[in-house]
Amino acid sequence: MLQGKALPIFNRPICQYLRTKAIYIPGGNLQNLVENNPGSHYWCNCTMQVVGPDDQFVSPDACTQSRPCFNPVGGKPVV
Amino acid sequence: MASWGEASESRLIGKRITRLSGKDKVTGKAKYTFDINEPGMLYGRILRSEVAHATVMGVDMSEAEALPGVKAVIPLIEVDKKVRYQGQEIAAVAAETDDIAKDAIRLIRVDLEELPHVVTEEDAMAAGAPEIRDWAGNQSEPGVREEGNIEEGFAEAAVEVEATYHTPVQTHVCLETHGHVAKWEDNQNLTVWASTQGVFGVRNDFAQRFELPANQVRVITEHMGGGFGSKFGPGLEGHTAAELSRITGKPVKLMLTRKSEHLVAGNRPSMTQKVRAGATSDGRLIAYDMKGYGTGGISSGAGFTGPYVYYVPNSRTERFNVATNAGNQRAMRAPGHPQGAFAMDSLMDELAEKLGMNPLEFRRINDPNEVRQAQYTLGAQEIGWHRRNNVAGSGTGVKKRGIGVGSGQWGGGGGRGTEARVTINADGTVEAVTGTQDIGTGVRTVIAIIVAEEFGLDTTDIRVKVGDSQPGLPSGGSGGSQTTPSVAPVIKTAAAAAKQKLFERIAPLLDAPVADLRVGTGTIYAVSDRTKTITWQQATGQLGMESISEGGTWEEDLRQNGAAGTQFAEVEVDTQTGAVRLIKIVAVQDCGLAINRLTTESQINGGVIMGLGQALLEERFMDPVTGRMLNANLEDYKVPGTFEIPEIKSIVFDTHRKVTGVGEPPCIPTPGAIANAVYNAIGVRIRSLPITPDKVLDALAEKKA
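Protein chains in written order, with our numbering: chain A, -18 to 60; chain B, -7 to 697.
Since the hints were derived computationally from the structure, they do not count as laboratory data.
Everything numeric in this text was worked out from a predicted model, so none of it was measured.
Beta carbons: idealized from backbone N, C-alpha and C, even for Gly.
Mixed in with the good hints there might be a few duds.
[Stated by the list, open to error] Computed footprint of chain B on chain A, listed as stretches where at least three residues anywhere in the stretch have a Cβ under 8 angstroms from a Cβ of chain B:
| no. | region |
| --- | --- |
| 1 | -7 to 7 |
| 2 | 19 to 30 |
| 3 | 43 to 49 |
From just these sequences and the hints, can you work out the full model?
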């Protein structure tokens, strides 16, 4: 998915399970992972549904570190 | 600077080349995921909810587990979690036969506590409607955009139109349903045959889900029976197939049923927009005020374009999503564009009529795209625009004919991320390998054309390997009309690099400088002395036991973003039955360099057919009472068949020598062109798709009254 693309500037932690079409295609707008795009469909790679393992809806705005299922791209930081 | 060269020098590129997989497809030799049968394979089935909204109180799988032949039963939802739409997954089984799997599904007992549901936009937005997701009133925050000064714009307008346009939910109807065959080896390596648009994306998703290194997952998609934007991730059915295979230690095939395909495998969201627009007396679109919404089921993503294509200096738009208890939308061929184009092109004709202006002339004034300006002329000539009714509905007789026009715009410029290798073997054989997938668009043949052109060979001389992650040559998913512009430059530069290496090897043999060498048809020669000519086999024979294998780079100069299109439709409307019969559609499609003119035309034909289905036939019906889809089959959900498809004149409008994708854009202008043609025929406007006989008769009756 992200292979071969210039890494987007993720200015905040992004859950590695969050999915949207843009990350699958060449030239896709990866900003869709950072900011809610109302024109985009989001899903979770754990549940394959529009809700995460906690049964709450997923989106760039909703998938934050406050959720128990949140797992940032690159893994959780070593404490 | 990299270049595709002049058209006059091309032997294969730009010509009509039969697709390499054509014979295999028509003879049944081509293997789709559906055709994969592994020894000892089990069959997977999924139990789905028939209730649109509920809380899961219990799932009892014991009877199913006890059924002879059943090898695994797994839950797909936990107790206390919510079901949010009909079709949502409850549990899955793997069994020795498909019939046993079906029986086992029936033996699973589900205890659901039903909750109030809303399956239409109107019900979802009604006062007191149950809130079904994290949006107040089931409506997402509106996206508002303003340009110019809308009040000043309307003050300048000589005419105004206010109208509401609607398009319903349309499902993808992939002829090969979503599905996978999954096979584990030693619990360490997973092979998946996937009906997917993205081999590498699916590989990565499986690797993450099963906590495997990506290089221990292999995904294969040799042939694929339609995706149209709905087949990017594995879907829950993919993860389920792999989980059932992991548990049983046997390969598992799990393909969706046609009903499930309608319910859970994506759809094009609906659109309802109320628009007020104004134009000046000299035909300038001057003000546009639109508020609209759509539903993508329980998901977001119900976006649509507007204003579209035509320049309007003063505009205000407000769009929002409406949540309903229905399966989520997925990207569908030019997401948001056909809906917006239908509304915009209908609006343009309505404004032109108020101005007393020819609608084509009105478009010429307001369309800033130079390519489309030329297309208007060409398309009008081809359809016989002069034959349209100057006064809509003025034709005589029961069956009335009309002509209309619509427009569209797309990107399709491709992107980085493809790796490829072109290999020349000593016996003269050639291989081209990359991790893209041929989703039916013909990229396998495109790759062969490029390599064959570079080497002076025939396409059948090139062995193309795509649709497999194992060679480790990634490529992006086939979406956004990006495949050919992403892949073609890499193949071209890889082939050019391999050719250069071969020239370096044989230049001493020919006693000629490398720069002097050229390929002929099956030969290599020195341009300054044609007596220095050897055959391809003589040249490659110099490699001995070696091969030449080169990678390529994505040269931006070899592709270009931007694909303008316009279409003209002629229809015949039976004013007694309300039936709309398409006579002809002219599709003029900007595509840059068409590497294979034949498959480019096929792309255009396919887009037009999908567009006319949206215009005249396709609509998902939801029952507000039960919350279920009423036409989740292919008898009541109508798609175009041979009787509905008219003469299609696909005009490949290749204005430059850079590659642009055209998978999506040809479906955009069709509904608007057809709607305008219907109006031109009968003099009453139908602002809601599909334009079915009942709507036509109602509109005619209203006019008469």
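Going down the list of hints, with the structure as the test:
no.: 1; hint: -7 to 7; verdict: holds (count 8)
no.: 2; hint: 19 to 30; verdict: holds (count 11)
no.: 3; hint: 43 to 49; verdict: violated (count 1)
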